[in-house]
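Q: Note that the protein sequences, when read in sequence, are chains A and B.
Mind the numbering: the first sequence is residues 1 to 184 in the numbering used here, read in order.
Mind the numbering: the second sequence is residues 1 to 471 in the numbering used here, read in order.
Don't read these hints as lab results, they were simulated from the structure.
Take the hints with a grain of salt, since some may be wrong.
Mimicking EDC-like on lysine to aspartate or glutamate, the simulated pairs with C-alpha atoms at most 16 Å apart in a straight line are [to be verified]:
(1) B:Lys228 with B:Glu453
(2) B:Lys372 with B:Glu305
(3) B:Lys302 with B:Glu28
(4) A:Lys157 with A:Glu8
(5) A:Lys29 with A:Glu51
(6) B:Lys228 with A:Glu50
(7) B:Lys461 with A:Glu8
(8) B:Lys228 with A:Glu51
(9) A:Lys157 with A:Glu181
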Amino acid sequence: MSHEGGFEPRRFVIGQFAGPEAMLDATRKMRERGHKKLDTHTPYPVHGIEEALGLGRAKIPTIVLCGAITGACLAYALIYFMNVVDFPINVANRPIHSMPANIPIMFELSVLLGGTSSFFGLMALMKLPQPYHPVFEAESFWRASIDGFFLSIEVPKGQSPEAVAAELKSLSDVSIEIVEESER
Amino acid sequence: MASTATSASTTNDPLEPIPLIEGAQTDESLNSSLLNHVWRLPGKGWWTLFGLALAGLGLLVVGITVTLWKGIGMWGNNIPVGWAFGIINFVWWIGIGHAGTLISAILLLLQQKWRTSINRFAEAMTLFAVICALLFPLIHTGRPWFAAYWLMPYPSVQGIWPQFKSPLVWDVFAVSTYFTISLLFWFLGLIPDLASLRDSSKKPMQKVIYGLFALGWRGSGRHWAEYKWAYLLLAGLSTPLVLSVHTIVSFDFAVSILPGWHTTVFPPYFVAGAVFSGFAMVVTWMVPARQFLGLKHVVTLKHLENMNKVILATGLMVSYGYAMEHFIAWYSGSQYEFAEFFEVRMRGPMAPVYWLMMFCNVVVPNIFWFKKARTNLLIMWVTALLVNVGMWCERFNIIATSLHRDFLPSKWELYAPTWVDWSIYLGTIGLFSTLFLLFLKFVPAVAVTEVKELRHELAHKAHGHAEEAHG
């Protein structure tokens, strides 16, 4: 295969397993053998996947905390600026600045920014929307959202995908496909 | 894939839990049975209902057009009844929405497994109910395009900002936050299901459309690890949010000094009432929907019974709220409060609404003390419908009845809604039904991914138990 313009397609070895346990087991073993770019594809979250893939702590909670704190501070600042600095409304000489009246909107804005940062932070971390990914090239990959359990390994440049496939095959009874990124 | 029977017990042991998923299911069979109604062409029943819903939507368009063209004078509002159908319907709809958040968020945090089959359905209901609710505060201002500056803080040459000490401004923030978060939560839960729709679609066009909405989801383990946290945190944020929304709605009334409004019991009692009416609305729609969509194996009688138990419990809380209102009206020694509760509401010109409310909200839900009633489809459907009526009457009572007899008899005025009021109200029911029927057609009504996960979990547990028993 020749590729114009220096495009070097990424190559993946994709194995389909009979169930989540076999997949977890193979993932763990492949990682221990030094494979770096592993990923699993399952119709629902499988218990123990973080440990098998060797993932660190999730980043979302920190992002949400920052969003929520920003929301609360922003609300207080907005209300203070609008009702105290820029446009004070004197109602029967009641205090212009009154903390308790700010609490409801501080709460609402911290939820709003916490919630939106949870969603959009997640999208950013997952790099979605991303309509195309090389793993979709696999014939049987449509099952990944239905009832299939897959392990995909990105083969580094210079290594042969066949060797990685053989290695995976030696670990577990698995049906394997080798796919290549298509040039768009 | 080995199929696992989740209905483990064949005996009628009363201590044996009733299965949450009926029959021997695999991921594949769940996938096809739960997505089937999306692929199937809608039947006569759907088209009939959709026609009715569109007719209702037409009424809404007429009502809103007349209101905007001729002005708010086309409504039955007067002074002192300045808030009537607009706010009654707003509170009614927003309350209905709350059950969805309760089911999806609070039951998730409490790890109630029965929520899985009904959460998508209830969340969709939340979204559509909040859309209907949001319409009312907008159009009740008469000229919404002039209302923006005292509702939303936006910089303009007028140099005016909203008064942030007003609960009405809090309300704007609460309800719009509620809508945004509910939408994100619902869509986040939907992404994996949209991917399964993409992957099991037969026609290229469907594949493209569902593929676009699925955002390229590929079930990646690295994604799931973060996804689970995002979903859980959105649930965690939604839980206090839902309480805050109805609390703030109740502040709209409770911080004023009008007899019948000026009570500290309002926040908890509004929240209980919201959950009460919301669950009733879920049952009203779920009973026919599970029949027609072929969802009986995942939305079992146990689910319906549990919802009926929640209706009973929240109904009792609402009854307690009524009791307290009346008690304090007497105990406070305020003649205005006493007159409001014991004369105006019970014997005034709008007394029939009061007694209908008492019947529907205090008497009727007690039928759910009986298991027969909790598990009979017809009885629960009628009861749920009556609860919806009762909760609407409650808001009418709080708003119109309290307003039409305030401190000075010289200010008293009767209130009657006009045809425009009724058109807009019935029209929002049409809008809600239209959106809901479209949802039932195009999106899986049950969270397929979560049901598969639950099946896996239950199978795992059953397997563990079997091993324990053998060992």
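Q: If a hint holds in the structure, say so; if it does not, say that too.
A: Hints and how they fare:
Proposed proximity of Lys228 of chain B and Glu453 of chain B is supported: the alpha carbons are some 12 Å apart, at most 16 Å. Simply put, Lys372 of chain B and Glu305 of chain B have alpha-carbon atoms about 10 Å apart, close enough for the 16 Å limit, and the pair holds. Annotation: proposed proximity of Lys302 of chain B to Glu28 of chain B is violated, straight-line Cα distance about 24 Å (limit 16 Å). Using a Cα cut-off of 16 Å, the hinted pair Lys157 of chain A and Glu8 of chain A holds, with the two alpha carbons roughly 9 Å apart.
For the proposed pair Lys29 of chain A and Glu51 of chain A, the alpha carbon gap of about 12 Å is at most 16 Å, so the pair holds. Proximity of Lys228 of chain B to Glu50 of chain A is assessed by CA-CA distance (about 11 Å); at most 16 Å being required, the pair is judged to hold. A distance of roughly 47 Å separates the Cα atoms of Lys461 of chain B and Glu8 of chain A; the hinted pair therefore is violated under the 16 Å criterion. For the hint pairing Lys228 of chain B with Glu51 of chain A, the CA-to-CA distance comes to about 15 Å; that is within 16 Å, so the pair holds.
Distance hint between Lys157 of chain A and Glu181 of chain A is fulfilled; the C-alpha atoms sit about 13 Å from each other, no more than 16 Å.
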